[in-house]
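Protein chains: 2
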Amino acid sequence: MFESAELGHHISKEKYELALPLLRKALLDVQYKLLELKSFPVILLISGVDGAGKGETANILNEWMDARHIHTYAFAPPSQDELAKPPMWRFWQALPPKGEIGIFFGSWYTEPIVQKSYGEIKTSELDNAMNDIVRFEQMLTEEGALVIKLWFHLSKDAQKNRIKALKKDPKTRWRVSKQDIKHLKLYDRFRRIAGRVLKETSTANAPWMVIEGTDPNYRNLTTGEYLLETLKSRISQHKKKTPKPEAPPLLKPIDKLRILDTLDLSKQQDKETYNNQLEHYQGKLNQLSRHPKFKKMALVLAFEGVDAAGKGGAIRRVTQALDARIYNVTPISAPSDEEQAQPYLWRFWRKIPAKAHVAIFDRSWYGRVLVERVEKFCSQYDWLRAYAEINDFEEQLSKHDVLVLKFWLQITQEEQLARFTAREEIAYKQFKITPDDWRNRKKWNAYKLAAADMVERTSSVVAPWHLIEANDKNYARIKILRTLCEKIEEKLARL
Amino acid sequence: MFESAELGHHISKEKYELALPLLRKALLDVQYKLLELKSFPVILLISGVDGAGKGETANILNEWMDARHIHTYAFAPPSQDELAKPPMWRFWQALPPKGEIGIFFGSWYTEPIVQKSYGEIKTSELDNAMNDIVRFEQMLTEEGALVIKLWFHLSKDAQKNRIKALKKDPKTRWRVSKQDIKHLKLYDRFRRIAGRVLKETSTANAPWMVIEGTDPNYRNLTTGEYLLETLKSRISQHKKKTPKPEAPPLLKPIDKLRILDTLDLSKQQDKETYNNQLEHYQGKLNQLSRHPKFKKMALVLAFEGVDAAGKGGAIRRVTQALDARIYNVTPISAPSDEEQAQPYLWRFWRKIPAKAHVAIFDRSWYGRVLVERVEKFCSQYDWLRAYAEINDFEEQLSKHDVLVLKFWLQITQEEQLARFTAREEIAYKQFKITPDDWRNRKKWNAYKLAAADMVERTSSVVAPWHLIEANDKNYARIKILRTLCEKIEEKLARL
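Top line first, the protein sequences correspond to chains Z and X. So for the first sequence, our numbering puts the first residue at 1371; every next one is plus one. So for the second sequence, our numbering puts the first residue at 1371; every next one is plus one.
Hints are supplied without guarantee of correctness; some may be wrong.
Copies of the same chain look alike in the list, so a pair counts if it fits in one copy or across any two.
In silico SDA-like cross-links for lysine to any residue, where the CA-CA straight-line distance does not exceed 20 Å [as the list claims (entries may be wrong)]:
1) K1385 - R1733
2) K1861 - H1608
3) K1555 - R1695
4) K1721 - S1572
5) K1526 - P1586
6) K1721 - E1452
7) K1537 - G1378
8) K1408 - K1861
9) K1843 - E1433
10) K1666 - T1828
11) K1663 - A1863
12) K1666 - P1805
13) K1654 - E1433
14) K1812 - N1761
15) K1721 - A1711
16) K1548 - E1387
Calculated from the structure, these hints are not laboratory results.
Full structure from sequences and hints, please.
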């Protein structure tokens, strides 16, 4: 991986100064084109060995282009507040919107490579981390982001010479830290591990570009040219409007039996049992949320279901049991313009709770495989890939001890009609019914199909779907509360 | 202030249960009206003595209304990340958008009252804090927010009885903390100080409502009724479209001499001196940004000036001297829809740098008194009050060791014409010139008047305007860099 970056590449001052003005003008031009199109963001990762010119490169790119539309982030070890969230959270916060450039120093690659170099993780753990990264970057690129990954390299000799030179000069001696010396000792090991990581994560969508860092002229020109060509090529593709890949169709079960059909929607709960159980489970939920170990976990609840299935009422029965200071409910409707300029999961990452907190979503990230699929707001390819992306998302949360519970509330078509009609008749419930609801109702079968596929494809071990028979509201609410209590108890026992 | 909240108010169970259904329905109705209008946010502060039902009240409001549009924040002592920002930053982050309700526990009142009760600050410091709060809340209400402040009170005897009762029951004994006992000893002092704070901060725009907390029925009904009446009254005003108060006109100087006319725009810098000084001051700025004490401060730069005055070029000369990892440049154009749903200063608070960082604004919060004034995007009353609001904003930053430097770049009308024409002629500069620029040029005098008023009214001791003669770009850039270096040096010396 690094062989060609140890050849001692060099560009003379004359050549550099000749090439520079043209390069700068061209870079500025594509940057403004990017801004004008506002059709994709650029995520530029800057990694590599110490002293290979990472900081200098970020500076020079900001100098050459319009720094007002470049956002540079240096990710130091996570702060207290960041540690309360899943590790990827801070990178999501920093993603640039469409049209802008984000330069990431110390990206998601730093931790696995450093940990492995210091022998803190096993090879299998490194492999898992690489696998997660590839999937994450694939999601970013599928969502339209241009991911550019630069690795700045120095050969062992070049590294030694650099440190020697710095040490010699009293003015620069302070720049040589103990860590530099330590890293030099680890050089061979680090080089081997980094090489492996780069090979495994160099994909067609987001390949690595290794740049020799010894000669600043060579380094700067190479970086600039590479960035320019990548941007130009991507912008020209934009004009072509390349169609999304064809995705194979999902086969409907030939006997037409689907999981949602197996629910017994006649299940009921009488008023008295309901009242007793409601009190019982709300009390229990409240206790669980005050359990000392609850501080080590967080809770994400997603409520989905057909219109008028009783999501709002069920959510209210849950929040009634919780202290208002620990939860937040987010109703999902049309995204804001800041949300629209980001990958579709971004708006959910924004709301991910810190430890000891609860985030409740009234409709959720599953909109992609439900309404967006049925209403054709995205292509078949896009909603098909969403299954895996969503599974990854939920797995990331689970790994960080965020318990993800997903409820699908199902009612019959007749029950829906009865509820719609009732809503239209009762004055204070009229706001709950809109022409959209009637339109969606006509697509009952399409929604049912989408929901069945969703349940099958996203019921993971860490976050299975809980199907709720909701024709009887009392029954549904108790089942939800009971499930919640059981799952939190199980989670607390594992902590 | 607390006399009527120590009378032992009480509502019987029967009365409570009779009133509740109507109240809840009415509250839900106004909440949906609020959501539908999306014309103002509701900021509900919940304060008071321990055990007077603050938490219970937040819970019950979430239960009665639609919790999906209520956001409850409990402000604990600030975290590491929050301490790196000015104290008000975290409250700004939590402000609800128009149409939504934010419940703030432990608001901006907590710290001054607690500090004074423990004797950590002087009376004069408390007075200053109160003064700042009044001005802040006035800004919020002038920006349209409905600020509701509830204080839950218990008499000393009621407090004693509560603690005694909790201690008696083994199941609740754990709820009595050492702090509770300590607070009880401080009761009289706390009551006196809180009473004073409430009196001083009970304004016509944001009055305090003191509620006796002993009897839950009384407490809940009073809170609900008060919230309902306040919301209803505000919503009915909305329909009336009450005009903004008339503001007295600003008098133009009768001899027509204004500060910007006193600038000698013929000032120049020859190429050689420029190159030397550029290198000198950029080197110096770089050193200053690496000074160990720079970690204790932050830097905010605002660039304003007529179109084509050279703001972008000047900013580039500054960023060239800085490490890309410590600065961020924000160009200010039309606000996003999330920004539009907030007070106008919100979008700048979002970008306030943490310690050791630099935020650069290409155009700034001064848009309110420049473009918004001239183009009549806001009323005269609104831009007139902005002078004081902006001074407060900058003072809050300065107090937290954020150095605020503001540059006004001035060129002559002839020079502007020459630059516009040049931009139209040079292909790669065409993106810089739009029909808007030509339109604004016709309003030269109106902008000049606005700028002169701005400079006079917002040149505070902590953040004076630096006027830059910018007909000669070299001269302007050097003056900016020199000013920057001088001011940072002064600041570092004071740290």
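Hint-by-hint comparison with the structure:
| no. | hint | verdict |
| --- | --- | --- |
| 1 | K1385 - R1733 | neither (58 Å within a copy, 38 Å between copies) |
| 2 | K1861 - H1608 | neither (47 Å within a copy, 49 Å between copies) |
| 3 | K1555 - R1695 | neither (50 Å within a copy, 28 Å between copies) |
| 4 | K1721 - S1572 | neither (31 Å within a copy, 34 Å between copies) |
| 5 | K1526 - P1586 | within (17 Å within a copy, 73 Å between copies) |
| 6 | K1721 - E1452 | both (13 Å within a copy, 18 Å between copies) |
| 7 | K1537 - G1378 | neither (22 Å within a copy, 77 Å between copies) |
| 8 | K1408 - K1861 | neither (43 Å within a copy, 40 Å between copies) |
| 9 | K1843 - E1433 | between (62 Å within a copy, 18 Å between copies) |
| 10 | K1666 - T1828 | neither (26 Å within a copy, 48 Å between copies) |
| 11 | K1663 - A1863 | within (9 Å within a copy, 48 Å between copies) |
| 12 | K1666 - P1805 | neither (44 Å within a copy, 57 Å between copies) |
| 13 | K1654 - E1433 | between (59 Å within a copy, 18 Å between copies) |
| 14 | K1812 - N1761 | neither (30 Å within a copy, 58 Å between copies) |
| 15 | K1721 - A1711 | both (17 Å within a copy, 18 Å between copies) |
| 16 | K1548 - E1387 | neither (37 Å within a copy, 71 Å between copies) |
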